[in-house]
Structure formats: structure tokens, C-alpha cells
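2 protein chains.
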Amino acid sequence: MSLSLYDASVPVFTRGLTVSTLLDKAEAHAAGSGAALSTSVEARLAPDMLTLAGQVQRASDTAKFGAARLTGTQAPSFADDETTFDQLRERCAKTIAYLGTVAPETFAGSETRIVTFGGWANASTLRGDRYLFQFALPTFFDVTTAYDILQHEGVPVGKCDYLGRYEGADA
Amino acid sequence: MSLSLYDASVPVFTRGLTVSTLLDKAEAHAAGSGAALSTSVEARLAPDMLTLAGQVQRASDTAKFGAARLTGTQAPSFADDETTFDQLRERCAKTIAYLGTVAPETFAGSETRIVTFGGWANASTLRGDRYLFQFALPTFFDVTTAYDILQHEGVPVGKCDYLGRYEGADA
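Residue numbers (numbering that gives the first Met the number 0), protein chains in the order written: chain A, 0 to 170; chain B, 0 to 170.
Hints are computed from structural coordinates only; laboratory data are not their basis.
Be a bit skeptical, because a hint or two may be false.
To be verified - Taking lysine-lysine pairs in the DSBU-like style, the calculated list, with each CA pair at most 35 Å apart, reads: (1) B:93 with B:158; (2) B:93 with B:24; (3) B:158 with A:93; (4) A:24 with A:158; (5) B:158 with B:24; (6) B:93 with A:158; (7) A:158 with A:93; (8) B:24 with A:158; (9) A:93 with A:24; (10) A:24 with B:93; (11) B:158 with A:158.
One chain only, chain A, in its complex shape (with noise of 0.2 Å):
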């Protein structure tokens, strides 16, 4: 069989905004530990960090815009004004509708693409199997830091909750 980015990228996208699946059990904790909802959605680990819906945000924007570029198709844009537990799940469910809607063969060649992106210091431009395995797929673990910021504030939540369920094994 051969493999694609689109293997290395879509999928793992998408099981990554899962994440959502957090977000009722972190919605559920705060609601009965009589917390406001709108401090939990903030919550950080450090000043300088982005809140639980930055993470989920930007988590979004590099799944969309990693198979927007690996594509050369068009992102969808989202606003950047979510605020609640439901707005962020909202998010993450039109990122997923989004990227079922890349079709694993517009990714024919994007090996070799050449990816014109912003955010890193030194490259602004890179060949396509080092822009998602260098930069887009550490960046997409942003949901880790999701998933940190949840357990820092005791939200009940473990390492099948992160990884999502594997519907059966393969042997």
C-alpha cells in the first residue's frame, strides 16, 4: 500500500478534535463544582499561555490550515469568538465537517508542494511532508495542552479520553 499526507494529516486531525469529547466532562466539572463555566473555558496554565479556547482555536485553524496548504485549496474562516463550552464543541465539530470535505486525493504531490505559511521564526516556507511533520503536527498538539489544562484544574479526565476509542483491533 502507499501512504499519503493525507494519512499523516486528516485523520489524525480529526481524531485530535475529539477533543470535544473533553470539553462535556470539563463543562460537567465546573458545573458541579458550582464553578462559573466562563472561568473554566479561560483557564491557562501560565499567564503567558493560551486559555483552554485559545488551544481549541488554534488547535482548529492548524488542522484547516494544514490541509488547506498541503491542498493549495482555501481554509474556511472561522471567527475566533468562541466563549462557551458549547461554541468551542461547535468549533471543533465544523473543523472536522471541514476536513471530511478534503478528498484524499487532493493531496497527490503535496510532498513536494512548496507551503508558504507565518507563525515560526526562522521559515516562513517549506517543502509539504516537512511543513505537516515538522511544524503542523507538533503544532496540532495543541490539544495536548487542552488536555493539560484540563487535568490541572481536576477535571476528571484520562489518557482514553485523549486518545479517543479505536473501534476494535486489527488481528
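Add chain B to chain A, keeping to what the hints say.
Chain B in isolation, oriented as in the chain A frame:
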């Protein structure tokens, strides 16, 4: 060009394990603040999460076992007894050195190789490509949690420390 699971694993793991450069900053920060270095190595985000040392050990494990399982070879055994920054850096260096011995051609057929592993609730066998993209890569981003711990401890690290430097652009 054809893409292989090698491209999606060994270089990603190797780059991620440059988390050892973050350890330099963490050590300097702890020394400057008068904190015990051992306390810094044992920092964690929540009582039921792994310490900084534990995150580095697990990232090392995911990297070495990932490469070994995908190629059907044996990974080196490490004792998990690191308690100092020097030892954690050495752990990263040993892991990177091992990854350097895993030749790209040994990944031939790894996409469809059935991989057996522990540590996940509902699946211990997966096809190689799913093992890498659904388990090993997301799990490897314990390096993100290591970074998050340092941020939470007030260590002055930023995204470029996390990503590592890319040496020059492609276009």
C-alpha cells in the same frame, strides 16, 4: 516521491526529543530561583499526572518502541531511573542515538505490519499505519506536556524552543 512510515516517525520523534534543550532552560531557571533541582525534575500539573521526568521517560519509550514495533526489531532497554537533569538529557540522547540506527529501509511493509502493544484500553493490536497515527504519535506528545510543565513552572520557554529550529527554508 513516496512517503513511508519512517518519514512520519523517526524524524518526528528525533525532533521532539530535542526537548532536552528545554531541560537546559528548566535547570537554569531552577538554579536561578534557588529551587532544588530535584523539585523541578519532579514537577507535575496534577497529582495523578506524571512528573517532568516521567513525561520525558514516556516520550522516550514511545519513540523507541514505536520505531522497534514498526520495524519488527528490538528497542534498547532503559531503567527509568532518571532523577536529574543530566540523566534526563542522557535519556533523550540515548533515544536519539538509537533512532539514528534505525534505517529507513527497515520500514518497508510497516504500514500493514500488525503491531502488538500494551497500554491502551481497548486495542492491543493495530495495523502499523494506525498504530503510528492513532496511538504512537498522539502519545509521543508527552513532550508537549513536558513543555507545559515548564511553562507552568515559570521557565521562560516559547514555541520555538518546543518546535526546535528549522535550518533554512525550502524555497
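To see whether the hints hold, each was checked on the structure:
1. B:93 with B:158: holds, 24 Å
2. B:93 with B:24: The given pair, whose Cα atoms are some 20 Å apart, holds under the 35 Å limit.
3. B:158 with A:93: Roughly 26 Å separates the two Cα atoms, so the pair holds.
4. A:24 with A:158: holds, 13 Å
5. B:158 with B:24: Roughly 13 Å separates the two Cα atoms, so the pair holds.
6. B:93 with A:158: holds, 26 Å
7. A:158 with A:93: OK: residue 158 of chain A and residue 93 of chain A at ~24 Å, within 35 Å.
8. B:24 with A:158: holds, 28 Å
9. A:93 with A:24: Since the Cα atoms of residue 93 of chain A and residue 24 of chain A sit roughly 20 Å apart, the hinted pair holds (cutoff 35 Å).
10. A:24 with B:93: Violated. Residue 24 of chain A to residue 93 of chain B sits at ~38 Å, over the 35 Å cutoff.
11. B:158 with A:158: holds, 24 Å
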